[in-house]
Amino acid sequence: MKKVLSLVLALFLVTGIFGAVAEEKTYDRVTITYTCPQVVAGYDYNNGDDYSKFILDKFNFEFQGTNVGWNDWNSSLITWIYAQDMTDVAIYNYGESTATEATNIVNQGLLKRLPDDWKDRWPNVAKVYETTSLGPMLEQLYGGTYFIPRARFFYNLPGDPLANHWCLWMRSDWIEAVGKEVKSAYTIPEVLEIAKLIKEQDPGQVGAALAPISMDEGNSASFFMRANSTYWDTFYKDADGKYQWGAATEDTLQGLKYWYQAYTEGVLDPEFYLLDYEKDMEKFQTLGTAGISFLGGQTADTENYRILFEQRTGNPQSAFHMANLLGGDGYYHQRDLINFWGAVCFKPDIKDEVFERWMDLMEFTASKEGYPGTQMGLKGIDWDFDENGEIISLVEPGTLLAGAVGEAKYPSLGHVLGSVILWDDLAMDNPNIKKEYRDESKKLYAERYTLSTPETFVKVDWNMWMNDSDELRRANSIDYAAEFANMVTNATSEEDLVNRYNAWLESQKGIIQPALDVLNK
Amino acid sequence: MATLQETKKPRTLKEKLLHTGKRIALEKERYILILPGLVWYAIFAYIPIFGLTLAFRKYMAKLGMFGSPWIGLKNFQNVFADPAFFASIVTTLRINAGRLIFVFPFPILFAIMINEVRLGKPKKILQSIYTFPNFLSWVIVASIMINILGQRGLVNSVMGALFGTKPVAFLGKPDYFLPVIYLTDIWKTAGWSAIIYMASISGIDVEQYEAAEIDGASRLQRIWYITLPGIKSTILVLFILAVGNLMSGGFDQIFNLSNSATIKVAETLDMYIYRITFRGSVDFGFSSAVALFRSVINMLLLIFADRVSKAVGGSGLLG
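Those protein sequences? They're chains A and B, same order as listed. In terms of my numbering, the first sequence opens at residue 1 and continues consecutively. In terms of my numbering, the second sequence opens at residue 1 and continues consecutively.
Next up, chain B with everything else stripped away, as it sits in the complex (with noise of 0.2 angstroms):
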């Protein structure tokens, strides 16, 4: 039977239909596992793109989001007119950075490590440990810190207990935000997010290790050699993602864990458009704006990184 690779290839519209719905049908069940998560991503993420023409509207809720008066760039002069709206792209870029070089490199850790646990039942014992808190809320987290780190907490009672040490305003004082941020968001989401690189490492050849075990190669070296060379690509995609991500993400975390004693090293992006929309006067447009630029800013990050990881022998994700 002739496989469709053997068939001629397509050259008119209709033939390039033709193909692409053979090529579904033979695959169906693969397209029907894809189907819910494009149409999450229709709903949520493509359509919302239709908003974006607010940016350039004064939004007026009876006309709707195409009938309100275009205003053109005016969002985007009130925009540039404000001075925090760069202080939060600053902020941004800070904490995201810092989250790429401490945050990052979590996940391979724990992925590796639990994978090192040769025995079954410790190793899934510690795969929940490490995987529980992510399902914790934020909010939830945030208090657990309060508890932990609050002047009358647990860490600053111990302190003062061994050492006679004041309490230290681990909360309060913006030195110790990001430490904070990082620390909550490994503790948080290290384990879970090294399950795609468990999953990463579960797909390479385990005749390599064992060729690698008679060859006399220790722990270490099997590691650097193997697993790590072998989830490489899973690395690559994620940290393209992520460098795509630098202008936005940790809203749930920042807002539950800042204050107004460190509101200055806080105002991410997210929590700008948050306070712009929600703690003053309602602006749809102005926020929109605010969007429509991070969203363009990130755009242009993903592409740089995908050309990064290209141009020192990686994958890309952009073709």
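So here's chain A without its partners, still in its complex pose (with noise of 0.2 angstroms):
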């Protein structure tokens, strides 16, 4: 008895001793190079938290971060690219206007081709691979994997096609000051209505620098025009399945129209063509000289934009509204967003070690286990699962667990160290967000879908994102938004204003029809 004993004590040692062996995997140690706008500039991965010490050492490399900004993130990398001197891993900004360029680099050989095996190597970064409908088609036109998109939902995806979560900040403290109603939904001559009567009686009492509608030219561009108008900067299948050209339609004029209005009614910011990236932010946020912006609506930030705005502002977070803005005809307008956001690439000639060891990275953020890690910090300190293996939260509510240096408790936390996983994913269900703004956001995704018509709100176009003909890259070299800013701000008429918008589109036709030869062939 004693002998048998033993022996299942041995095995189970033995047994014990492997499993411990195969769970913790050893690593020699690597430097590993890595480029995403995400990256905080200037912050010491390597000495900096301790959530970024435990990925750091758990995986045994040194990361050596670089940052670029939004505004040069295609550029810079593209540059790095071509000039075979980017670093071992890079976030693509992989979209309608940069698909053809990463058709071009795969086709130069210019970006690292994944192993076949990969997706058996790495099961759980597989899993959301192919969530993200935009892997597996690159796969098939590339032949291999080059890209792992990064999804924007795993477990939490609220629809197909996918909405975006860009939003209306509002002071609903004004709009009932107004006399106005407090709603989940605006149109976007209501929202000029409510702009307009913000700016005649002022009711937050902001004076000379009140800004009814504070938006940049970006910002300004994804209110009146994409709001209102599905293909407004990019070319769609009429009923008779042939491309035309979006920026040509009426639902774009009427776009410009809504935005020379706004300018010219004073009610947008005047110079809304000189603010620099976030500054619109900081007039709602930090400043509360704005009422209405059209900013993001993460599920994930939420609170912490309403933190925020009540700690600089001193309004309580209930002055904060969000909404979903929907066009003239009263519909949502949006193309698929498709479910991810940025892809990963790695160089060409990159070291198998640094490759995989990134990958292990991948596949770790991906699985159940570090997977909350990535927005919650360190398991049994900041969260843990509960019996039923429901993730709680083990940190005082409002904690600032991800954000700035010097405010959050772990400033390398977000999509830098190897999320495949984005953050709105788990920020639905993270116990660390208030039940009430979580609602709130589901709410707004689900009004997306009920508001819309399948010819407002449309699914992927694969056949044009996939196209890399020389004719729609350079079409898709127009920026638009600077265009249509270009003609409000110089109009001195509505009748002006569409002289010019249709001397424009003439003058465009040159780029134009050579990208539609192509789509129509």
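Some clues are possibly wrong.
Unchecked claim - Cβ-Cβ distance ranges computed for the label pairs, FRET-style: (1) B:Phe-163 / A:Tyr-449: 53 to 59 angstroms; (2) B:Ser-137 / A:Ser-493: 50 to 56 angstroms; (3) A:Ser-493 / B:Ala-42: 53 to 59 angstroms; (4) A:Ser-184 / B:Met-159: 58 to 64 angstroms; (5) B:Phe-66 / A:Glu-407: 37 to 43 angstroms.
What the hints assert, rightly or not - Output of the computed footprint for chain A on chain B, the stretches with three or more beta carbons under 8 angstroms from beta carbons of chain A: (6) 114-125; (7) 148-161.
These aren't lab readings, by the way, just hints derived from the structure by calculation. Ideal placement from N, C-alpha and C gives every residue a C-beta, glycine not left out.
Relying on the hints, combine the two individually framed chains into one complex.
Laid out in structure tokens, this is it:
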């Protein structure tokens, strides 16, 4: 009996030890270079907070992150890729306007092709990859995997096509003060009417600094053009299956007229074209001088935005209202966001051990065990699983875990250290975020589906995404926001605006027609 | 001892090389002084000329500059099909011609004014004040301008307080763009550019001024009849160079001071190249074709200005 017991005990110990060995893979020290605009500039991840220490120790690497500005992201990274001087790992800003460029760099062999068995070796990453829909599509196009798109949602996908989180930021106290209803969705004309009343009545007693609507050029274009015209800056298939130019549609012209109206009536920030990135946000959130903005509405940030608003302006969080923006036709307009944001890519001659290390890290952050940490910090200290396997928070409500250096507990938290599932997924269940805000966010997402039609909220057109012709590349180089902003600021009347718009459409034919010819071939 | 001039004129290549070598050896200090400049030009001006081959190729990074496929004039066809390209040429010429008229004379005026200040200390102080803005980057200047010329900036506030006027969009109206460009250019660069004229003025024989003073010439007459003719050749050389630069220059300034509201009067060739290279899809062949076109036009303008300068009796640059 003793012998049997000893044998069982010995077997248990041996398998236990082997199990531990399999679980705790040991690594040689490597250095990993990385590029992404979300890298915190000047932050030393190697001697940073406890979360970065945990990740860097666990995977035994030195991290050299390069921050690129949001505005320079594409140009910097593409230049480095062409110069064959990119970092080991980078996040490519994959999108409609950069898709052709991506195909070009893949065709030139400027990115690493992942080994064919990568999905077997890193199954968690593969599962996430499949949900992005872009990943498998690109794999089919390129005949191999070159990009691993990061999924916006994995467990909590709101729908197909995927809705964007962008939404109206409004001062509910000002809306009520001017006698209007606080609701969850507004059309563009309704917003302009409220803004006009805010300008006339100045309910916040802001004075000369008041900006009824504060938006920079890009957000203005999203507000007036994108929200009113689904295809304002791209091509679409008409009822006959023929591609047409979206900038030449009636909806686009109507959006332009709204923009002009807001500008000439003085409800839009008069120098919106001079506002730097996030200055519109500053006017709403920090200075409290703006009544309405059109900015991010990520579930993960809904509470933080309000906490900062309260701290900086002295107004209660309840004065910060979020709502959906509808076009003049009363419908929500959007093209499929596609379930990804930013795609991981590797330099072609990356060392195998460095590549594998980053894949291991991504595998960890895509696992049930590692994924909560990317937003909630350290397991056992900041969060844990309860007996039912549900995530529970171990920190005081309102604790700022992720955020700016000096304010947050873990500035390294975010999408930098290997995340392949982005924040909004967990945010919907994150007990650190007030339930009230999470429910509001879910409601806003749901409304985007009920307040749209298949014609106004459309699925992705992969045919156009996958086209890498020079003609389409040149057509994609048009800066629509700048062109329309120029018309708005220079027109002397609505009639003049329409004339300028028509003249511009005519002037672009040399670039647009060849692209249409290619698409319709 | 016989000088080089007195020796027999070299005839064969070997003799010529030997002769050149001796001349360099004799004046080696001067050649050592210009060496860094020559190296700089070789690295940053002459070697990159080979890159212009990209204008005739479809650039493939893996194949390199010379291995990329040759596509002849295809890039030029694409360039000429873009209406923004021709608009940018007109804009460039308009802005830079204005610079020649409004900005170019200011350093000369500054140099003369500073030269006329007799007291040493105020002269140095003035010189420092005028020169200082040159060391500010255009990014800083643009920020300063937003604070001064913005609708809630200093100028509009003062105008509003004094005259009750409505804010003027100095930075957002095409009509104001060129004046803003020229004024900021003068403010930033005139003091610095004046240094070369001051150096030229300092080379004028002081006895000419003394003689003119004895003859009863006024200050203005001395400037008109002595100073200006004395620096005429410097002015001409710099003018020819400025004409040769008509199709380029000023990117930093325009990039930082322009915006969507003014872009139609601000998109110079440099801005256009920047946009198509870094804001749209990267196409180095296309960008090189534009750059080559610009260089050729600049060269033609330079030759034209040189010939005109000689025709009106001045000196030229090109022999």
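Evaluation of the provided hints:
The supplied range of 53 to 59 angstroms is met by Phe-163 (chain B) and Tyr-449 (chain A), whose beta-carbon atoms lie about 55 angstroms from each other. Taking the beta carbon of each, Ser-137 (chain B) and Ser-493 (chain A) are about 39 angstroms apart, not inside 50 to 56 angstroms as hinted. One distance hint, 53 to 59 angstroms for the beta-carbon pair Ser-493 (chain A) and Ala-42 (chain B), holds here, with the actual separation near 57 angstroms. Here the CB-CB span from Ser-184 (chain A) to Met-159 (chain B) is close to 44 angstroms, at odds with the stated 58 to 64 angstroms.
Distance hint check for Phe-66 (chain B) and Glu-407 (chain A): the Cβ-Cβ separation is about 53 angstroms, which falls outside the suggested range of 37 to 43 angstroms. Figure legend: the segment 114-125 of chain B, annotated as covered by chain A; annotation inconsistent (0 residues with Cβ-Cβ distances under 8 angstroms, at least 3 required). With 3 residues having a beta carbon nearer than 8 angstroms to a beta carbon of chain A, the segment 148-161 of chain B meets the requirement of three or more and the stated coverage holds.
In the structure shown, a violation is registered for the earlier hints numbered 2, 4, 5, 6, in ascending order.
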